[in-house]
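With the hints as constraints, model all of the structure from the sequences given.
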Amino acid sequence: MIKAENLTKIFNKSLVAVDHINFSVLEGEIYGFLGPNGAGKTTTINMLITVLKPTEGTASVLGYDVVKQANEVRKVIGVVPQEYTADEDLTGYENIMLCADLYGVPRDIAKKRALELLELVELTEFKDKRVETYSGGMRRRLELACGLINRPKVLFLDEPTLGLDVQTRAATWEYIRRLKKEYGMTLFMTTHYLEEADALCDRIAIIDHGKIIVTGTPSELKDSVGGDIITIAIKEDANVTDIIKTVENVKEVQKENGAYRIKVVKGEVTAPLIIEALRKKGFTVTRLSLTEPTLNEVYLEYTGRAIRDTEESKESFRAQRITLWRARRG
Amino acid sequence: MEGEERMSGTAINECEPSITRGLWALTYRELKKWLKDPVMLVMFVIQPLIWMGLLGKSMNIQGLFSVGNLANNLNIPNIQIPGSLTTPPFNGTIIIPGALLAQQLQQMLPKIGDKIMLNTFGVTDYFSYMAIGMVSMIVMTTTMFSGMSIVWDRRLGFLDKVISTPVSRGAIIFAKVLNATFRAMFQALVILALAYLLGLKLSSTFTLLNVLGILAAILLVSIGLSSIFIAFSIRSTRMERPMQFVSLITLPLMFASNTFFPTSMMPDFIQAIARVNPLTYLTDAIRQLTILQLDASALIIDFIYLGVFAAVLGAIGVVLSWRYLTK
Chain A
24 MIKAENLTKI FNKSLVAVDH INFSVLEGEI YGFLGPNGAG KTTTINMLIT VLKPTEGTAS
84 VLGYDVVKQA NEVRKVIGVV PQEYTADEDL TGYENIMLCA DLYGVPRDIA KKRALELLEL
144 VELTEFKDKR VETYSGGMRR RLELACGLIN RPKVLFLDEP TLGLDVQTRA ATWEYIRRLK
204 KEYGMTLFMT THYLEEADAL CDRIAIIDHG KIIVTGTPSE LKDSVGGDII TIAIKEDANV
264 TDIIKTVENV KEVQKENGAY RIKVVKGEVT APLIIEALRK KGFTVTRLSL TEPTLNEVYL
324 EYTGRAIRDT EESKESFRAQ RITLWRARRG
Chain B
27 MEGEERMSGT AINECEPSIT RGLWALTYRE LKKWLKDPVM LVMFVIQPLI WMGLLGKSMN
87 IQGLFSVGNL ANNLNIPNIQ IPGSLTTPPF NGTIIIPGAL LAQQLQQMLP KIGDKIMLNT
147 FGVTDYFSYM AIGMVSMIVM TTTMFSGMSI VWDRRLGFLD KVISTPVSRG AIIFAKVLNA
207 TFRAMFQALV ILALAYLLGL KLSSTFTLLN VLGILAAILL VSIGLSSIFI AFSIRSTRME
267 RPMQFVSLIT LPLMFASNTF FPTSMMPDFI QAIARVNPLT YLTDAIRQLT ILQLDASALI
327 IDFIYLGVFA AVLGAIGVVL SWRYLTK
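Chains as they are written, first to last, in the numbering used here: chain A, 24 to 353; chain B, 27 to 353.
Source of the hints: derived by calculation from the structure; they are not laboratory data.
In this text, all values refer to a predicted model and were calculated from it rather than measured experimentally.
Mixed in with the good hints there might be a few duds.
[Said to hold, decoys possible] Taking lysine-lysine and the DSSO-like style, the derived pairs with C-alpha atoms no more than 30 Å apart in a straight line are:
#	chain 1	residue 1	chain 2	residue 2
1	B	Lys62	A	Lys150
2	B	Lys83	A	Lys134
3	B	Lys58	A	Lys134
4	B	Lys58	A	Lys135
5	B	Lys137	A	Lys152
6	B	Lys59	A	Lys150
7	A	Lys76	A	Lys26
8	B	Lys59	A	Lys134
9	B	Lys59	A	Lys152
[Said to hold, decoys possible] Sample of chain A residues with no beta-carbon within 12 Å of chain B, all distances over it, derived:
#	residue
10	Gly51
11	Glu52
12	Ser83
13	Lys258
14	Arg284
15	Arg310
[What the hints assert, rightly or not] The calculated label-pair distances, taken between Cβ atoms and stated as ranges, are:
#	chain 1	residue 1	chain 2	residue 2	range
16	A	Lys36	B	Phe271	20 to 30 Å
17	A	Asp131	B	Met66	34 to 44 Å
18	A	Arg130	B	Leu241	23 to 33 Å
19	B	Lys141	A	Glu155	57 to 67 Å
20	A	Lys26	B	Arg349	23 to 33 Å
21	B	Arg267	A	Lys36	18 to 28 Å
22	A	Arg130	B	Pro64	25 to 35 Å
23	A	Leu38	B	Lys58	34 to 44 Å
Just so you know, even glycine gets a beta-carbon here, dropped at the ideal spot from N, CA and C.
In structure tokens:
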């Protein structure tokens with residue numbers, strides 16, 4: 024669905040925002056770009072949605088080149104930008120219809136679809152209110168609805184929950200899942216929230232300083248940093264390290280303060296196997312805990328630091344602040 | 027719903043973006059925003075009204091030549107002409123009483139005044155002259171300020187969203203131009219109507235058809251000015267810059283033209299500026315169509331210049347904005 028080869032964007036001949044990245048997005052999946060602010064996520068999205076021209080390399084959406092066939096690309100994609108771009112002076116309904124006009128969706132279809140989308144994001148009640156009066160979550164939902172008015176084959180979401188509180192964020196994820204289920208499209212999203220990538224994405228690319236550092240499914244990525252950690256304690260006073268090591272999927276065993284810290288792949292499957300193996304040898308497990316690594320660990324592992332907040336260009340910083348400010352109102 | 031799915035199932039996408047629909051949608055958005063803010067609307071009308079009321083009425087140039095202005099302190103001494111200077115010469119002196127001269131002058135002055143006013147301004151009252159200048163001014167400022175909204179569109183991300191849709195890039199720019207033009211036309215007509223109520227004297231050649239001519243002239247100026255201004259605004263990240271630019275450029279454009287005073291009385295270098303200043307031609311065209319006895323040849327020259335102005339600046343502006351939008 025989406026394919027990027029050596030995609031590069033250099034601003035002002037010196038600032039390398041995106042540095043020769045390669046990736047491909049498969050049909051029907053949710054593909055996420057995870058990285059801190061200023062990593063090049065938005066620049067990548069802007070190139071894919073034909074707003075920016077790549078300095079080097081190529082990208083295509085549904086086989087259409089984003090530079091040479093930009094207009095074909097624009098017809099088949101939907102965009103939910105990071106900022107709240109709906110016109111504040113217009114009503115929610117008017118905003119959706121404006122989008123429909125820009126995409127050239129036939130009028131009668133557009134009207135029906137606008138109402139249907141408003142229903143889906145639960146804004147029907149507010150459709151004739153000015154966007155000015157909307158809360159952050161409502162604005163985000165309106166953006167989602169606007170991005171879907173042309174029934175896109177690929178939907179681009181740039182930081183879909185930026186500035187929203189935890190509950191609204193979870194609700195927004197729910198809307199995204201619902202919309203995806205309803206319309207069955209491919210999603211490309213960026214985020215700097217690890218939970219978000221974990222909760223929504225089928226596959227993730229971790230991006231930092233304009234480069235893709237690693238790609239994979241959330242669980243693949245977690246496994247790659249050493250998998251889950253099982254901690255067990257046994258009743259008997261004996262060293263069972265060797266027994267545990269014979270169990271499938273076990274990678275590493277450490278004895279600490281009378282308990283065993285075991286690094287395993289697929290912890291939920293392996294834990295019963297370990298108990299079984301120990302029981303056969305006559306040992307009784309008294310305590311067991313299973314911790315799954317979060318993307319936080321993955322992120323730390325690959326970038327060498329926690330998700331940081333660096334300043335982006337002044338302009339995007341300002342735009343972000345406006346977005347945050349609006350999100351916090353109401 | 028189901029039928030629609032089947033219908034759109036075969037085609038990849040039923041979207042048929044058209045320039046006219048996109049253009050209309052974007053223009054309609056701007057106009058809606060405008061109409062939803064009546065306070066701004068009123069302020070835009072009040073400002074020229076104040077100018078017109080204060081400047082137009084207080085600068086009573088016509089009054090300079092009134093009898094009352096001379097009246098009592100006109101103290102002309104008797105004039106004595108020695109008989110030796112006349113042809114044929116004679117002995118004695120001719121004495122013309124000063125009082126008689128003063129009386130004569132007082133009778134002639136209003137006529138001389140009217141003649142001077144007519145020669146300088148083309149009309150006998152200054153208010154009519156400057157009210158039309160005000161119309162030009164409102165056209166210029168409205169046009170520039172409307173173009174400025176693109177700075178906000180850019181900063182709030184609206185512009186980015188619009189250019190990610192298949193709508194024609196041209197429609198994005200022209201919507202702004204059209205919006206500026208509509209606003210300028212509307213406000214110009216409001217000002218004209220108000221000026222008429224305040225005492226603007228229409229000439230005998232005025233017909234309602236002339237209003238169409240006025241609108242045409244405004245259209246041309248708006249196209250030229252707003253396209254170049256949008257090209258400038260689209261590149262600035264903050265509102266202050268275009269604002270500063272407007273205040274920098276309005277005064278010179280206003281005074282180095284016939285907006286408030288005829289150019290023929292100005293020094294050469296100002297006349298040179300006035301000769302290329304579109305405001306000069308716009309103001310003249312509107313005056314020809316309203317308060318002056320219509321001079322077809324002058325009007326044609328005005329329109330030719332305005333047409334060239336709109337074509338050249340419009341083209342430059344659109345190319346520059348286009349370049350920015352497709353960078």
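query = For which of the previously enumerated hints does the structure constitute a violation, in increasing order of number?
reply = The structure breaks hints 2, 5; every other hint is satisfied.
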